[in-house]
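**Q** Below, each chain spelled out in residue letters.
Number of protein chains: 4
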Amino acid sequence: MPQNTLQMLQTHPNPASVFDLNALARCIDACFECAQVCTSCADACLGEREHLMHLVHCIRLNLDCADVCGTTGRVLSRLTQPDQNVLRTQLQACVAACRACGDECERHAREMNMEHCRICAESCRGCEQACQNLLGSMAA
Amino acid sequence: MPQNTLQMLQTHPNPASVFDLNALARCIDACFECAQVCTSCADACLGEREHLMHLVHCIRLNLDCADVCGTTGRVLSRLTQPDQNVLRTQLQACVAACRACGDECERHAREMNMEHCRICAESCRGCEQACQNLLGSMAA
Amino acid sequence: MPQNTLQMLQTHPNPASVFDLNALARCIDACFECAQVCTSCADACLGEREHLMHLVHCIRLNLDCADVCGTTGRVLSRLTQPDQNVLRTQLQACVAACRACGDECERHAREMNMEHCRICAESCRGCEQACQNLLGSMAA
Amino acid sequence: MPQNTLQMLQTHPNPASVFDLNALARCIDACFECAQVCTSCADACLGEREHLMHLVHCIRLNLDCADVCGTTGRVLSRLTQPDQNVLRTQLQACVAACRACGDECERHAREMNMEHCRICAESCRGCEQACQNLLGSMAA
Numbered sequence: 003m004p005q006n007t008l009q010m011l012q013t014h015p016n017p018a019s020v021f022d023l024n025a026l027a028r029c030i031d032a033c034f035e036c037a038q039v040c041t042s043c044a045d046a047c048l049g050e051r052e053h054l055m056h057l058v059h060c061i062r063l064n065l066d067c068a069d070v071c072g073t074t075g076r077v078l079s080r081l082t083q084p085d086q087n088v089l090r091t092q093l094q095a096c097v098a099a100c101r102a103c104g105d106e107c108e109r110h111a112r113e114m115n116m117e118h119c120r121i122c123a124e125s126c127r128g129c130e131q132a133c134q135n136l137l138g139s140m141a142a
Numbered sequence: 003m004p005q006n007t008l009q010m011l012q013t014h015p016n017p018a019s020v021f022d023l024n025a026l027a028r029c030i031d032a033c034f035e036c037a038q039v040c041t042s043c044a045d046a047c048l049g050e051r052e053h054l055m056h057l058v059h060c061i062r063l064n065l066d067c068a069d070v071c072g073t074t075g076r077v078l079s080r081l082t083q084p085d086q087n088v089l090r091t092q093l094q095a096c097v098a099a100c101r102a103c104g105d106e107c108e109r110h111a112r113e114m115n116m117e118h119c120r121i122c123a124e125s126c127r128g129c130e131q132a133c134q135n136l137l138g139s140m141a142a
Numbered sequence: 003m004p005q006n007t008l009q010m011l012q013t014h015p016n017p018a019s020v021f022d023l024n025a026l027a028r029c030i031d032a033c034f035e036c037a038q039v040c041t042s043c044a045d046a047c048l049g050e051r052e053h054l055m056h057l058v059h060c061i062r063l064n065l066d067c068a069d070v071c072g073t074t075g076r077v078l079s080r081l082t083q084p085d086q087n088v089l090r091t092q093l094q095a096c097v098a099a100c101r102a103c104g105d106e107c108e109r110h111a112r113e114m115n116m117e118h119c120r121i122c123a124e125s126c127r128g129c130e131q132a133c134q135n136l137l138g139s140m141a142a
Numbered sequence: 003m004p005q006n007t008l009q010m011l012q013t014h015p016n017p018a019s020v021f022d023l024n025a026l027a028r029c030i031d032a033c034f035e036c037a038q039v040c041t042s043c044a045d046a047c048l049g050e051r052e053h054l055m056h057l058v059h060c061i062r063l064n065l066d067c068a069d070v071c072g073t074t075g076r077v078l079s080r081l082t083q084p085d086q087n088v089l090r091t092q093l094q095a096c097v098a099a100c101r102a103c104g105d106e107c108e109r110h111a112r113e114m115n116m117e118h119c120r121i122c123a124e125s126c127r128g129c130e131q132a133c134q135n136l137l138g139s140m141a142a
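Residue numbers (the numbering used here), protein chains in the order written: chain P, 3 to 142; chain U, 3 to 142; chain X, 3 to 142; chain H, 3 to 142.
Read the hints as simulated data drawn from the structure, not as lab findings. By construction, the Cβ of each residue, glycine as well, lies at the ideal position given by its N, Cα and C atoms. Heads up, a few of these hints could be off.
[Stated by the list, open to error] Just a few of them, taken from the derived set where beta-carbon distance is under 7 Å, the chain X residues facing chain H:
{"id": "1", "residue": "H56"}
{"id": "2", "residue": "V70"}
{"id": "3", "residue": "R76"}
{"id": "4", "residue": "D85"}
{"id": "5", "residue": "Q86"}
{"id": "6", "residue": "V88"}
{"id": "7", "residue": "A98"}
{"id": "8", "residue": "A102"}
{"id": "9", "residue": "D105"}
{"id": "10", "residue": "R109"}
{"id": "11", "residue": "R112"}
{"id": "12", "residue": "M114"}
[Said to hold, decoys possible] Here are a few chain H residues that face chain P, going by a calculated C-beta distance under 8 Å:
{"id": "13", "residue": "T41"}
{"id": "14", "residue": "C43"}
{"id": "15", "residue": "G138"}
{"id": "16", "residue": "S139"}
{"id": "17", "residue": "M140"}
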């Protein structure tokens, strides 16, 4: 997928972007990947019959994070005449969603040895970092 | 729809919320309505054969606004153990998307007499205001 | 919202549609409403601490139905040069999602007296019927 | 992303699925990838100033395909107590959306030498095939 994402950006008729195209492609990929992994983690938590009560907060944050990452990935995929405030605020929302979900998943990975939460925490950390990188380049 | 949204909030097992439930229901409805209207306006603009070139920016902002409002409406619909930073930042992103799209649609309504853009601008203004109301109550 | 949806369809530059515009507007509204209500019902079920184990299937079907209805509402909102196979198959998927979720919610409304499931079942039935109406008019 | 998708399925508390897990992971990845590429292709087409009028149908089908693939990828990501009719009909809708969009993109790649449409057509073909594979295994 990373190759296609970058190629799509490079073959755009107006590839000039607010962002470096390589960093942008990495962030778009991280958003779509995190949307998938969070959807999957919410469902895996829902299937943890005896631990379910302890995973309610995790499921809620997974669902939020899946929605926010999905929308952020779509907004970032558009190069045509973007609005910088929309980009900045949606990236900030994505950082917040990934941080909240990553913290909660990390806790379950550590305390309850939940492997799907461990993978999900890594995915959230990666997406948070990719969004921070783009935000940092906007401020410059 | 407003009645169902409010009833769903009121019949929730833990209806205590960060927000006043009536204001929350209004904002959720405004988000879903704006997601629909922006999707529709992007498509109507796409069908404006002779004016299409002048509506490219409008279509792009419509698509962003539809995605951002849809996600904001879903995040707000969840009362169970929310994260305040996620709520706040996603509401801020929704304000930014509605403002950018509302400004652009308002301009086309005024200068080109586009009726679908006039309705869409009103919908964006309403959603922006409903989000601002919730944000204001969080700061309190 | 019904008024805005219909007005958006009527002010479209090419309002000729595969469907009767009034029936189409009702179905679009039903899809967006059902997407909201199912998102809300999944979260309400997640908050039902002592009954949570019995609501796992309901939550899963709520999440599917919210996604499917949201996408169906967006696809139907576009009048410009539609593909009839896409419309027909997505409407059929929406009928299936609403039926599965409506059946499960109805059972919890009846057996466990869950009020949010009762409202959600009604919303699913209404959306299923609105989709069936459009499908019936395509076959004609 | 493929590795994470498969690992999430394998670490699920109830990994028994209607589908072979490797085929399922490939299809989920194809859906999320196609959702990204179609979002990108709609935007690239929107930026093709002199060819824009000829790309209206392509943009419309790209937007439908992005929505349908995104929802299909989310529904497939859930292993917990699925409904077979929902899976089957949503996969069929995804096949229809990918075929319509793939055909249109392929035509623009061939006749107008549009590189973003060529990549998008390949992505649609891959996703259509992955969905057909899962559908074929359900019928068995």
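**Q** For each hint, tell me whether it holds in the structure or not.
**A** Against the structure, the hints:
A least Cβ separation of about 12 Å between H56 (chain X) and chain H goes past the 7 Å threshold, and the interface hint is therefore violated. Annotation: interface hint on V70 (chain X) holds; nearest CB of chain H at approximately 6 Å, less than 7 Å. Annotation: interface hint on R76 (chain X) holds; nearest CB of chain H at approximately 5 Å, less than 7 Å. For D85 (chain X), the interface hint holds, since its Cβ comes within 7 Å of a Cβ in chain H; the closest pair sits about 4 Å apart.
Restraint check, Q86 (chain X) versus chain H: the minimum CB separation of about 9 Å is more than 7 Å; hint violated. The criterion of a C-beta within 7 Å of any C-beta in chain H is met by V88 (chain X), whose closest approach is roughly 5 Å, and the hint holds. Interface hint at A98 (chain X): satisfied, since its Cβ lies 4 Å from the closest Cβ of chain H, which is below the 7 Å cut-off. Because the smallest distance between the Cβ of A102 (chain X) and any Cβ of chain H comes to about 4 Å, under 7 Å, the interface hint for this residue holds.
Annotation: D105 (chain X) was flagged as interfacial toward chain H, and the flag is violated, the nearest CB pair being 9 Å apart, outside 7 Å. Annotation: R109 (chain X) was flagged as interfacial toward chain H, and the flag is violated, the nearest CB pair being 14 Å apart, outside 7 Å. For R112 (chain X), the suggested interface contact is broken, since its CB lies about 19 Å from the closest CB of chain H, more than 7 Å. Interface hint status for M114 (chain X): violated, as the beta-carbon distance to the closest one in chain H is roughly 17 Å, over 7 Å.
Interface restraint check: T41 (chain H) against chain P, minimum CB-CB distance 5 Å, threshold 8 Å, status holds. Interface restraint check: C43 (chain H) against chain P, minimum CB-CB distance 7 Å, threshold 8 Å, status holds. A hinted interface residue such as G138 (chain H) counts as satisfied when its beta carbon comes closer than 8 Å to some beta carbon of chain P; here the least separation is about 23 Å, so the hint is violated. The interface hint given for S139 (chain H) is violated, since its Cβ lies 20 Å from the closest Cβ of chain P, which is over the 8 Å cut-off.
Annotation: M140 (chain H) was flagged as interfacial toward chain P, and the flag is violated, the nearest CB pair being 19 Å apart, outside 8 Å.
In terms of the numbered hints stated before, the structure departs from hints 1, 5, 9, 10, 11, 12, 15, 16, 17, listed from lowest to highest.
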